[in-house]
Amino acid sequence: MLCFLLGVIAGVVRSDLEIPEAVARALALYLIFAIGFKGGVEVARNGELGPLLPLLLVAAGLSLVLPLPAYALLRVLTRVSRTDAGAIAAHYGSVSIVTYVAATNFLQSHGIAYEGFMTAVVAVMETPAILTGLLLARAGERSGIDARKRRELIHEILANGSVVLLLGSFLIGSVTGSEGLERLAPVVVSGFPGLLCFFLLDMGLLVARRFAGFRTMGLGLVVFGLLMPLVGASVGLLAGTLLGLSRGGVALLATLAGSASYIAVPAAMRLALPRANPSLSLSLALGITFPFNLVIGIPLYGAAAGWLAG
Amino acid sequence: MLCFLLGVIAGVVRSDLEIPEAVARALALYLIFAIGFKGGVEVARNGELGPLLPLLLVAAGLSLVLPLPAYALLRVLTRVSRTDAGAIAAHYGSVSIVTYVAATNFLQSHGIAYEGFMTAVVAVMETPAILTGLLLARAGERSGIDARKRRELIHEILANGSVVLLLGSFLIGSVTGSEGLERLAPVVVSGFPGLLCFFLLDMGLLVARRFAGFRTMGLGLVVFGLLMPLVGASVGLLAGTLLGLSRGGVALLATLAGSASYIAVPAAMRLALPRANPSLSLSLALGITFPFNLVIGIPLYGAAAGWLAG
Amino acid sequence: MLCFLLGVIAGVVRSDLEIPEAVARALALYLIFAIGFKGGVEVARNGELGPLLPLLLVAAGLSLVLPLPAYALLRVLTRVSRTDAGAIAAHYGSVSIVTYVAATNFLQSHGIAYEGFMTAVVAVMETPAILTGLLLARAGERSGIDARKRRELIHEILANGSVVLLLGSFLIGSVTGSEGLERLAPVVVSGFPGLLCFFLLDMGLLVARRFAGFRTMGLGLVVFGLLMPLVGASVGLLAGTLLGLSRGGVALLATLAGSASYIAVPAAMRLALPRANPSLSLSLALGITFPFNLVIGIPLYGAAAGWLAG
Amino acid sequence: METHRRKRLEIVVEKRRAPAILEYLDQEPAITGWTMLPCIGGRGHTGTRLPEGATDVLDTVLILVVTSEEVARRTMAAVLELLEEFVGVVLMSDVEVARPSHF
Amino acid sequence: METHRRKRLEIVVEKRRAPAILEYLDQEPAITGWTMLPCIGGRGHTGTRLPEGATDVLDTVLILVVTSEEVARRTMAAVLELLEEFVGVVLMSDVEVARPSHF
Amino acid sequence: METHRRKRLEIVVEKRRAPAILEYLDQEPAITGWTMLPCIGGRGHTGTRLPEGATDVLDTVLILVVTSEEVARRTMAAVLELLEEFVGVVLMSDVEVARPSHF
Ligand SMILES: Nc1ncnc2c1ncn2[C@@H]1O[C@H](COP(=O)(O)O)[C@@H](O)[C@H]1O
Ligand SMILES: Nc1ncnc2c1ncn2[C@@H]1O[C@H](COP(=O)(O)O)[C@@H](O)[C@H]1O
Ligand SMILES: Nc1ncnc2c1ncn2[C@@H]1O[C@H](COP(=O)(O)O)[C@@H](O)[C@H]1O
Ligand code: NA
Ligand code: NA
Ligand code: NA
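Residue numbers (numbering that gives the first Met the number 0), protein chains in the order written: chain A, 0 to 309; chain B, 0 to 309; chain C, 0 to 309; chain D, 0 to 102; chain E, 0 to 102; chain F, 0 to 102.
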């Protein structure tokens, strides 16, 4: 957290501090692997997969449905094109893995337990939103999507790197269980807070750089970027409580619903909606919603989950 | 291992998962350093260098001789040019450090001991094969090799990065001994399985990408890539047993003899045999023999060594 | 240390060993973060900031003053232009973080204690020298420095990446204290010796490559590169003793005064004195003074501090 | 040294779009090769792109193709069609080569 | 494919100096875009530069700008002035583009 | 802005072969400089090369040299000889520069 702040400050004073791109991307893969693997081990240990199937269905449903209020809000609050509104809506239906990681970190440091299989939920929520966002955007376009493009898009959705890595490491974790954890613990457990800190430092730099673009963005978009996570999280809180998740689980589901993707969805949008402006959605997801969730959202959702549980 | 599989799967579904090149190369250097250093420490601790000298001589001999059956097999099984056959043969006389690392990992997780100085064997086997391969290839060429090129080549062989790093870290390990190990252990010991896992993930991606080239490669080459490791490993098993190595040592020597270089030798071949097709030898060494050894070879050689040991 | 030597040797034999640039730069950031963070934690723990303020003033003064003897020596010993002499002098007034890290490592391994707040001293000494160097160089130039450039330069000095990261991590360390240390320890403490070793390996490669440039550099410059650290360190020893620092603290201040920057100052010089030859100052700071301090300087300053203390 | 006239095409395109372009180039028998270079930023109609660690969707590459004028013009048209609404520019210029059979 | 003549500027400059150049390009309304490529070494008056892990002060980049001849000449002069005593070279050459409104 | 005509050579070559080329360029007094750019892939006679973490033997670079026509032709011949059987292509094209003494 303080690392994130340091990054933001360094970015704001326009320091030449810069984490090499290759290393930042490797750190992101590391975080995904670690979170997936530990989730898998947790599942192997407890084995209580009871509420998993309904949870996964609900999670996929959330991802499919959340772009709708996002699109509506965008059309009301801003003047972006339908294409851009659809693309942005897809980002908000999907999830941010780093926000999720920060939330698990928050829960752990406050001693709040959560279901190990939540990681599977992350994977399930990443891509359905792309479909809804696409339909919304296409509603405003003449041309249909041809067969070749559809194939490319489905491939992109299913074979997206972060989804494959997350699910893959989850499976590895659930196969190797405690034994595997013991071997990998020095890297995926002990190393985690330190490496997360470096990653958040880089995220802070990025966020600060994106700040610069806000002056040209218009107030409406900024309001959307702050409002939509609250909308999403409320739905997530409700769904989690109805599903009977633990307090930690409810907080995580709210965090996921309230977060916006900036890895998997942008990639798919470049294929499916090349006319949508990628800088716009990245600025929103990375520059506004991500820091909002990190600083205000996560503690808020945690408290709300406690209140609902209690 | 499962990481490797995950990489292969991600590659096969043509996921956009991608470990940045710079990080993958740094991981390879890390593995070489760690394996060299730990070998050196082991030697410093036990000090029993008894069978080392004959072993090193035999190992260098293996590296010099193994290209001969490889060349012969290639000429029988495939229709590659003499130049290519010589170049490929050199790869198979030399060794794959990552395969070696995977083998030591296998032995450790099965509680089988091996001689610490085996790491020195790796270094010794890396380059002699280049000479034999070159002679075989040149036999089919008119032009001799001029003095300047010879100088370049000898330099390449002696100053090859992986050889220098392996020997250097081996020396550092044997000088600093247990004390040095204690300081570096968190990185070179505890971090090892986790980082190896990431590296194997990347190797899996590479192997899967190489698979694509096989359709155009012809069955003969594929058969060679599966047969030659068995030939090499058999010779290695024999040599190791005759030298009186431990069971683990025999398995490692077999693994080394059965593995094919894809770092040191390709580099030398670009200088010495620029006409040889580098994609061909890399596809064989990396795309066929490496995964074969990882999945089938290592356990097989381990079992054979156990059986020979009695 | 042995890692550094290995790097030098690999470089001297012109091996193709090469640590990817992106990874080397990330390692440098890691070292800065770790040293800053641990310094901050140390301060939070002891809380004895008594001699800190005078120390920081003296340190900034050292950085401001040391370019003067450096400039004088350069004008006497060599025939470099005034611009180059001013630029080089700025490097020697400032400090080398990696040399500092190596010195703390040396002290720790010899069980010599030092003040935790020394890290703040590093940050304070990094940039004042730039001003003096600039004045010296400009004395020999017609044109003044315009307002826009002055603004750029002040920004460069204050927002320099390594200064921001060092101070930032120092603050994070002093805010989170032992609790933060516990979380980050696996990365910033246990991982430190191993990662430092890799970094020094890379430094060795760089130093060896710089060696090659010496033939064309002239003896005068080489003598300067060996003499100036002794001059700086003597002043540092004196200042540290007068300030009543511990033996370790005196040795560190001497090391800092005797070291030459090759990160912060070169960056500022490219803006402020574009006509100065960056290769010249880098060759001196990185190719001569850095290895001299590493191998001879640090033990020497440590011994001198012990003698003065005792 | 005697030289022969060819055309040089330069295609700046999103990294994630590059495989589609390369696939086209590879199936065109008259094109003997290409070279791909990384970009670290750019500006055009779709705004400014600077490298960032978080995602590679904004990354672009430059693909260089040397071929005959006729093939170059044909390829330019085909690539522009492949790009359609996608980000990218295509440049053509003169170039001389020594080994005509090579291009 | 019908094409239109433009000029291509190539500016090799220290990476740390690039923002000043890009700022100039961005405030010039006639320039519609640019592309930046990384360099991994170079030699000129100020000696040889090869990449090194210790510092990025020696790094250079290549900035590519396609625009009309008139703007190109004006930009060349302006960039050379911005470079003044700084390291760097500016090259101009002919280029053909298909979508004239784009440049 | 007044400009002067020069030639631009572009040499695509394996990264491990680049030092030999640079050595040649450095010992030729008429050549005042060069710039090296990284490639991330290519295709030619010797097949397709894409970056991979396992080894850098397939990596290529592009070396850019601006010089007079006469020197450019001489250098092109010399470099092609140095390449001999090695992988690589050499391109030549027109370029204009503003500071003639610099090239
Ligand atoms: N006038 C130009 N000169 C050089 N590069 C350009 C120019 N216009 C566009 N580009 C490059 O092409 C990419 C895509 O352009 P666009 O599709 O217009 O956004 C930009 O990010 C630049 O890298
Ligand atoms: N003749 C040349 N051909 C190609 N690139 C050059 C040439 N001269 C200089 N450069 C590039 O411009 C940079 C700065 O040149 P200089 O300011 O002369 O040191 C060099 O590092 C090279 O990358
Ligand atoms: N027609 C071409 N256009 C652009 N680049 C080429 C072409 N042919 C070859 N190259 C480049 O030169 C390298 C070596 O070519 P080759 O020696 O033909 O395999 C390739 O990997 C490409 O990067
Ligand atoms: Na969401
Ligand atoms: Na072998
Ligand atoms: Na100093």
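Hints in this document: simulated from the structure, not taken from any laboratory.
Keep in mind the model is a prediction, meaning the values are calculated, not measured.
C-beta atoms are modelled at their ideal positions from N, C-alpha and C, and glycine is treated no differently.
Heads up, some of the hints might be wrong.
Just a sample of chain C residues kept apart from chain B, beta carbon distances all over 10 Å, derived [to be verified]: (1) L16; (2) V57; (3) F210; (4) M216; (5) I295.
Just the calculated beta-carbon pair ranges, DEER-fashion [unchecked claim]: (6) D/H101 <-> B/F210: 52 to 62 Å; (7) F/S100 <-> E/E69: 53 to 63 Å; (8) C/R74 <-> D/T47: 25 to 35 Å; (9) D/H3 <-> E/H101: 24 to 34 Å; (10) D/H101 <-> A/V222: 39 to 49 Å; (11) C/Q107 <-> B/A146: 26 to 36 Å; (12) F/S100 <-> C/D145: 43 to 53 Å; (13) F/S100 <-> C/E151: 20 to 30 Å; (14) C/Q107 <-> A/L242: 20 to 30 Å.
Going down the list of hints, with the structure as the test:
no.	hint	in the structure
1	L16	violated (4 Å)
2	V57	holds (33 Å)
3	F210	holds (16 Å)
4	M216	holds (25 Å)
5	I295	holds (20 Å)
6	D/H101 <-> B/F210: 52 to 62 Å	violated (30 Å)
7	F/S100 <-> E/E69: 53 to 63 Å	violated (26 Å)
8	C/R74 <-> D/T47: 25 to 35 Å	violated (46 Å)
9	D/H3 <-> E/H101: 24 to 34 Å	holds (30 Å)
10	D/H101 <-> A/V222: 39 to 49 Å	violated (59 Å)
11	C/Q107 <-> B/A146: 26 to 36 Å	violated (52 Å)
12	F/S100 <-> C/D145: 43 to 53 Å	violated (27 Å)
13	F/S100 <-> C/E151: 20 to 30 Å	holds (29 Å)
14	C/Q107 <-> A/L242: 20 to 30 Å	violated (53 Å)
Hint violations for this structure: numbers 1, 6, 7, 8, 10, 11, 12, 14, all remaining hints satisfied.
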